[in-house]
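Novice: Each chain is listed here by its residues.
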Amino acid sequence: MTRAPRHAAGHPAPPARAGRVRVLAATASTAKYLSLALASLVVLIPLVVVLFASLKTHAEYNTTGPLTPPANWFNFHNFATAWTAGDMLRGFWNTTFILVVSLTGTVLIGTLAAYAISRFVFPLKRLILGLFLVAALVPGVTTQVATYQIVKSMGLVNTSWSAIVLFMGTDIVSIYIFIQFMQSIPQSLDQAAMIDGAGRFTIYRKVILPLMKPAIATVVIIKGIAVYNEFYIPFLYLRSPELSVISTALFRFKGPYGAQWETIAACTMIVIVPTVVIFLLLQRFIYNGITAGATK
Amino acid sequence: MTRPVVATRPAVAAGRARRKIPHSPWLYVAPALILLVTFTYVPVGNMIWYSFHKWDGLDVTMDPVGLDNYVRVFTDEQYWRVFLISLYYFVASFAQIAIALYFAVVLSFNVRFKNLFKGILFFPYLLNGVAVGFVFLYLFQPDGTLDTLLRVAGLGEHTHLWLGDPDIANISLAGTSVWRFTGLNFVLFLGAIQSIPGEIYEAAEIDGANRWHQFRHIIVPGIRRIISLSFILAISGSLSVFEIPFIMTGGANGTRTFVVQAYQTAFQFRQIGLASAMAVVLLLIVLLITWVQRRVLPDEEVTLS
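Listed in order, the protein sequences are those of chains A and B.
If you're matching positions, the first sequence starts at 419 in my numbering and goes up one per residue.
If you're matching positions, the second sequence starts at -10 in my numbering and goes up one per residue.
Treat the hints as calculated values from the structure; they're not laboratory data.
Check each hint, because a few of them may be wrong.
In silico lysine to aspartate or glutamate, EDC-like type, Cα no more than 20 Å apart, as pairs [stated by the list, open to error]:
| id | chain 1 | residue 1 | chain 2 | residue 2 |
| --- | --- | --- | --- | --- |
| 1 | A | K631 | A | D614 |
| 2 | B | K43 | B | D57 |
| 3 | A | K570 | B | D45 |
| 4 | B | K103 | B | D132 |
| 5 | A | K570 | A | E660 |
| 6 | A | K570 | B | D48 |
Per label pair, the in silico range of CB-to-CB distance [as the list claims (entries may be wrong)]:
| id | chain 1 | residue 1 | chain 2 | residue 2 | range |
| --- | --- | --- | --- | --- | --- |
| 7 | B | D196 | A | A446 | 27 to 33 Å |
| 8 | B | W201 | A | G673 | 49 to 55 Å |
| 9 | A | S458 | B | L150 | 36 to 42 Å |
| 10 | A | R544 | B | I160 | 44 to 50 Å |
| 11 | A | D505 | B | R101 | 42 to 48 Å |
| 12 | B | W201 | A | R657 | 25 to 31 Å |
Glycine is no exception: its CB is placed at the ideal position from the N, C-alpha and C atoms.
Same shape as in the complex, but just chain A (with noise of 0.2 Å):
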């Protein structure tokens, strides 16, 4: 709305073409800011609404519609039965030992990796490359026919180890991200610790290592996220009610809880939560991660 007066300054246009102009930036504006509301209407009305029914009493929500706000919005009660009948404190348990493991897993193999493949010279380093560029082209989805066999044999299945092998070594976004953050690392100051008397492997953890620090964080940010909300490497591989993560407590709702929507609506709210926490927190390493981790 601020824009209409200074473009038209800009141009001293006669008085009737400067008010057409006017009108047409302030009607520009005004379906902007609608758009925009569109939006976020559709965004957030479909998260309310469970948000809602996950407040109201059994009987509420049978006689209230979908839209109408809960009577007590302090009424925590689905939130109780969600969260012992889900067994989601486990839930969340699992996840997280899932997530440290396999995150600081990506991290290490990850950054050595890319410290030999940009620091070393050495034979097939080429061929290398190539296989993880091919391998970033491969869906993780379709070979799970085979990768299951693969877990079985090594008896894996129905242990955390499954998932968490599964997410170290299927990643190979974070080794590209790695790599291309330690080529603006200056070689100098290998060959300054080098010549201190550093060794290869010193190098890595003492100067290397630390100066990592953001493309770190960049991948533990959006391999946190993905790990978290995987649904199909847990639901294939972790069978058992006690190594349920997040996703697949909440998956299990779906048989008995059919017609008591307001407990699934809370567990929902549970798993929900936890993101818009962190989000909320890290909103703008958040966006920097995810454009760095899809264009790179």
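On the provided structure of chain A, position chain B as indicated by the hints.
Specialist: Okay, now just chain B, sitting in the frame of chain A:
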């Protein structure tokens, strides 16, 4: 992100000559390489092998059946029909890209509450797939949110069995997919637009270019690569749709996608050979598309050595 300027490499040769332990680089790449081979290349190899056999995944013997599995994938309607289902998601991805592009352009100029809108539009992409599935199951219920909203808007006669009617179910699911993934395209476009230097717009404005001209002649060419990349990803993405239909309908009412069918064939009906043939076909299509992409859009040189 600011990064240190890439240094030219003086005295590299001297540094290397001093401390060259011939085999040590392999120790650094070994963990990554072992995982890569074990969980990507060996499975792909096995999958091709399985696809020429009839096997239930448990038997010690596999019966070689030649191309039978492939013949079945292409002739049995149950199997080739799943390709048609991908078309729904593919068409939906055009809407997704258009919406994302529109909002990315709008939000890269001065807008009030810019960060709020940016956050709202992007947020669905971060949500858990199962949670999204449940949120939309709830939305699409008979007399659920969507029906209620339509009635409030006076469009009561347009209510449907959103997930129960085979004519509509795929559209509902594809809509869910648009809701979930638009934010990703949006943020990628936004990032690309912001990398266009601001002076270009200023210069254009002085020359009298309006917003549409700026969009047409500055923004679109400036982010052409990421737009085309989005289209390529849309193709392989729509071929490998799994979570949304699996969670929301379990493949019922004609919503079975390629991966849902492959999953059921392999893990419920234990026809590993047939499922592998499906996966090989899917993999070949994806590789073909990627190859075409590389030909059409040669990578701006990203040196990796």
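Novice: Hint compliance check: list the failing hint numbers for this structure, sorted ascending.
Specialist: 1, 4, 7, 9 and 12
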